[in-house]
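Undergrad: So the chains spell out like this:
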Amino acid sequence: MTDRLHGSARRTIGIYAPLLLFVAFALFPIYHMFLTSIKTDRALYNLNLNPLLVSLGALTAEHYRLLFTDTLFASWLMNSLIVSLSSTAIAMVISILAAYGLTRIRFRGAATFGIAIFITYLVPYSLLFLPLTRVVTWLNLADSLWALIVTYPTFLVPFSTWLLMGYMKTIPEEIEKSAMIDGCNRLQILTRIIIPLAVPGIVCATLFAFSLAWNDLLYSLVFISPTEKKTLTVGVLTELIRGDVYFWGSLMGGALIGSVPVVVFYVMFMDYYVSGMTVGAIK
Amino acid sequence: MAKLVVENLTKRFGSVTAVDRLSFTAEDREFLVLIGPSGCGKSTTLNLIAGLEEASAGRISIGDRQVTHLHPKDRDIAMVFQNYALYPHMDVYANMAFGLSMRGYSKAEIGRRIQEAAEILGIKNLLQRKPRALSGGQRQRVAVGRAIVRKPAVFLFDEPLSNLDAKLRVQMRAELSKLHQRLNTTIVYVTHDQIEAMTMATRIVLLKDGICQQIGRPLELYTRPVNTFTAGFIGTPPMNLVPARIQAENGKMMVATDGFRLPIPARWRQAYERLKSKEVIFGIRPEHLRGTREGDIAVDAATVTRLEVDLVEMLGSHVQLTLTCGPERLIALADPALPVKAGDRIPVVFNMDSMHLFEKREPQRRIDAAPAA
Ligand SMILES: Nc1ncnc2c1ncn2[C@@H]1O[C@H](COP(=O)(O)OP(=O)(O)OP(=O)(O)O)[C@@H](O)[C@H]1O
Ligand SMILES: [Mg+2]
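Residue numbers (the working numbering), protein chains in the order written: chain A, 25 to 307; chain B, 20 to 392.
Bear in mind the hints are in silico, worked out from the structure with no lab data behind them.
Any given hint could be a false lead.
Said to hold, decoys possible - To list a few chain A residues with every Cβ distance to chain B over 12 angstroms, as calculated:
| # | residue |
| --- | --- |
| 1 | Gly31 |
| 2 | Asn164 |
| 3 | Val291 |
Claimed, not checked - Label pairs and their calculated CB-CB ranges:
| # | chain 1 | residue 1 | chain 2 | residue 2 | range |
| --- | --- | --- | --- | --- | --- |
| 4 | B | Asn203 | A | Tyr290 | 27 to 35 angstroms |
| 5 | A | Pro196 | B | Ser154 | 17 to 25 angstroms |
| 6 | A | Arg130 | B | Arg78 | 18 to 26 angstroms |
| 7 | A | Val286 | B | Val35 | 44 to 52 angstroms |
| 8 | A | Lys193 | B | Leu89 | 26 to 34 angstroms |
| 9 | B | Glu332 | A | Pro196 | 49 to 57 angstroms |
| 10 | A | Ala134 | B | Thr29 | 21 to 29 angstroms |
Unchecked claim - Mimicking DSSO-like on lysine-lysine, the simulated pairs with C-alpha atoms at most 30 angstroms apart in a straight line are:
| # | chain 1 | residue 1 | chain 2 | residue 2 |
| --- | --- | --- | --- | --- |
| 11 | B | Lys186 | B | Lys126 |
| 12 | A | Lys193 | B | Lys149 |
| 13 | A | Lys193 | B | Lys92 |
| 14 | B | Lys143 | B | Lys92 |
| 15 | B | Lys22 | B | Lys170 |
| 16 | B | Lys170 | B | Lys197 |
The beta-carbon is built from N, C-alpha and C at its ideal position, and this holds for glycine as well.
Sequences are here, hints too, so could you generate the full structure?
TA: Following this line, the structure appears as structure tokens:
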């Protein structure tokens with residue numbers, strides 16, 4: 025009895041101690057960002073104060089006020105949301121169709137095509153923007169949010185197609201055969217059987233795609249220059265560092281608000297996300 | 020309720036010919052079993068009938084309709100798969116309703132049919148459950164239920180019992196037979212379990228490498244296998260098959276192997292005259308070889324041979340003996356009371372009236388006493 029208690033206590037410590045360490049490690053930057061964003065500049069630049077603490081007298085909302093009144097932060101946030109949501113939606117529609125076609129419809133070259141997608145996925149997107157610049161100019165989309173909405177899918181589609189292909193392969197083919205006998209055509213099989221069954225995979229791909237689009241800096245920096253069209257990542261970076269003046273408090277505040285949507289989405293879909301990650305691990 | 024006719028059906032996957040010029044007819048209300056070893060093309064045949072695969076050549080008709088090129092949904096068939104293939108995201112009711120609602124049946128009609136099917140299968144209390152909350156046997160019933168609500172012309176079953184444990188399998192076997200009588204419809208049933216084939220089939224189609232070996236009633240395949248493959252495939256333990264030579268001796272015809280020399284029954288001597296000095300394959304089923312004890316023999320001593328026992332397996336109702344016969348092994352049965360152990364040399368009675376002869380040359384066809392007219 026005592027032995028078993030002993031064992032379980034030890035196991036608890038064995039599991040939670042490393043976890044706690046990891047959580048502390050992961051949360052530290054966020055804590056620091058938060059702290060920086062609510063300190064007065066005076067407290068921020070005073071080297072005699074402990075940088076990891078803040079006294080009540082040194083609290084301020086000034087950085088957030090600056091963010092929302094003196095910059096176009098609200099527009100950047102909106103731009104980021106519009107661009108990320110639209111490009112993710114476009115990418116998901118294409119990926120679901122592509123993944124289904126590539127895993128289930130036996131056509132000449134299906135395997136080659138699948139590999140081609142994988143290779144596209146391996147091309148660093150930081151190289152891809154060079155030719156894409158030409159495309160964007162040619163399409164007359166430079167300096168418009170459309171530039172991002174149409175270019176983000178170039179790296180979101182290969183990635184989510186690949187992820188969804190893995191997921192769809194785990195759905196037994198007989199289920200589709202049954203549906204076909206029951207009277208479904210391909211599109212009905214996709215919408216009534218495959219998509220409902222692939223929800224965890226789709227959620228997982230959507231989350232990844234959204235956060236990739238949301239976190240993008242490069243394309244947004246290259247394709248968009250008017251201040252009011254900037255996305256959050258670029259806006260914060262370019263407008264809150266003026267020459268060698270860093271608006272540290274507002275920078276950190278902007279970054280903090282910028283991480284909220286991603287966190288919210290991940291938490292909302294936590295269960296799906298986890299079961300999507302572990303597909304194939306069980307059974 | 021219809022007759023299914025398959026003519027010269029062929030399916031090639033690249034260089035593999037999975038089904039090769041297969042022809043058979045399942046009469047109206049027949050329980051036709053397709054059987055054969057793994058990879059012989061059973062599932063492919065069923066998929067072709069269902070329209071899930073496109074035939075490379077050949078024709079399929081159901082009732083008086085050509086269905087060779089129709090979409091699966093237009094063929095008036097229903098199929099039950101080995102892994103049941105229930106829709107995991109729908110409850111049992113929705114699973115059974117799906118095919119009907121796709122075909123535009125009214126809610127009331129769907130409900131009526133599902134209640135009826137659930138009644139027959141004893142799954143009324145499961146209708147609101149998701150497949151994952153069902154046992155293997157229950158899933159099996161739901162899969163069958165999903166097929167029967169459709170009232171198709173032909174039912175197709177692909178190894179529906181092979182995922183069940185032995186006891187449940189025996190039970191479901193009997194239930195499916197009863198269901199067939201009750202529904203009075205044509206069934207094509209794929210299995211690799213010859214006991215299922217023997218007990219359920221009105222007729223059996225035996226395949227090997229995509230080629231039909233024999234079609235017939237179960238007992239026909241058992242008593243008159245057309246070649247050594249059928250002989251060895253149907254029956255457990257399988258028929259003993261040993262190379263032999265036919266010899267004439269004192270006006271008798273003898274079957275001679277490295278382990279024994281035995282006379283062919285008198286009434287066939289005339290007929291087998293033509294085989295004199297020929298190499299053949301001699302076949303005899305284990306139940307026609309009986310291990311006995313010295314002095315026990317009340318039979319024609321001419322059909323007794325002494326052979327060494329290699330292995331003794333007690334099965335309760337009888338003992339199964341593995342005997343050494345030259346380089347070959349023979350399986351024989353014996354009374355469980357027989358005192359015998361490995362290494363003994365015992366007299367073995369051959370029931371030569373039940374012997375079979377096959378050509379030595381591939382495909383080792385049956386040699387009948389009465390030559391084919
Ligand atoms: N889609 C396919 N592509 C290529 N070859 C295939 C395909 N489907 C089946 N085959 C081949 O066709 C042959 C027959 O396969 P089939 O599935 O019909 O066998 P089976 O008799 O059902 O076997 P089992 O008892 O193992 O289910 C096999 O050699 C198989 O490898
Ligand atoms: Mg099969």
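Undergrad: For each hint, tell me whether it holds in the structure or not.
TA: Hint-by-hint comparison with the structure:
No Cβ of chain B comes within 12 angstroms of the Cβ of A/Gly31; the nearest lies about 33 angstroms off, and the non-interface call holds. The claim that A/Asn164 is not at the interface with chain B holds, since no C-beta of that chain comes within 12 angstroms of its own (minimum 45 angstroms). Even its closest Cβ contact with chain B, about 24 angstroms, leaves A/Val291 beyond 12 angstroms, as expected for a residue assigned away from the interface. Under the hint 27 to 35 angstroms, the C-beta atoms of B/Asn203 and A/Tyr290, about 57 angstroms apart, miss the expected range.
Distance hint check: the CB atoms of A/Pro196 and B/Ser154 are about 18 angstroms apart, consistent with the given range 17 to 25 angstroms. At about 23 angstroms, the beta-carbon gap between A/Arg130 and B/Arg78 stays in the expected band of 18 to 26 angstroms. For the pair A/Val286 and B/Val35, the beta carbons lie near 50 angstroms from each other, so the given range of 44 to 52 angstroms is met. Checked against the hint of 26 to 34 angstroms, the C-beta distance between A/Lys193 and B/Leu89 comes to roughly 29 angstroms, which is consistent with it.
A hinted range of 49 to 57 angstroms is violated for the C-beta pair B/Glu332 and A/Pro196, which are about 39 angstroms apart. In this structure the hint that A/Ala134 and B/Thr29 lie 21 to 29 angstroms apart at CB holds, the actual value being about 24 angstroms. Taking the CA atoms of B/Lys186 and B/Lys126, the gap is near 37 angstroms; set against the 30 angstroms cutoff, the hint is violated. A hinted pair counts as satisfied when its Cα atoms are at most 30 angstroms apart, and A/Lys193 with B/Lys149 qualifies at roughly 22 angstroms.
Under the criterion of a C-alpha separation no larger than 30 angstroms, the hint pairing A/Lys193 with B/Lys92 is consistent with the structure, at around 24 angstroms. For the given pair, B/Lys143 sits about 27 angstroms from B/Lys92 by alpha-carbon distance, which is consistent with the 30 angstroms threshold. Restraint check for B/Lys22 and B/Lys170: the C-alpha separation of about 15 angstroms stays at or below 30 angstroms, so the hint holds. A distance of roughly 16 angstroms separates the Cα atoms of B/Lys170 and B/Lys197; the hinted pair therefore holds under the 30 angstroms criterion.
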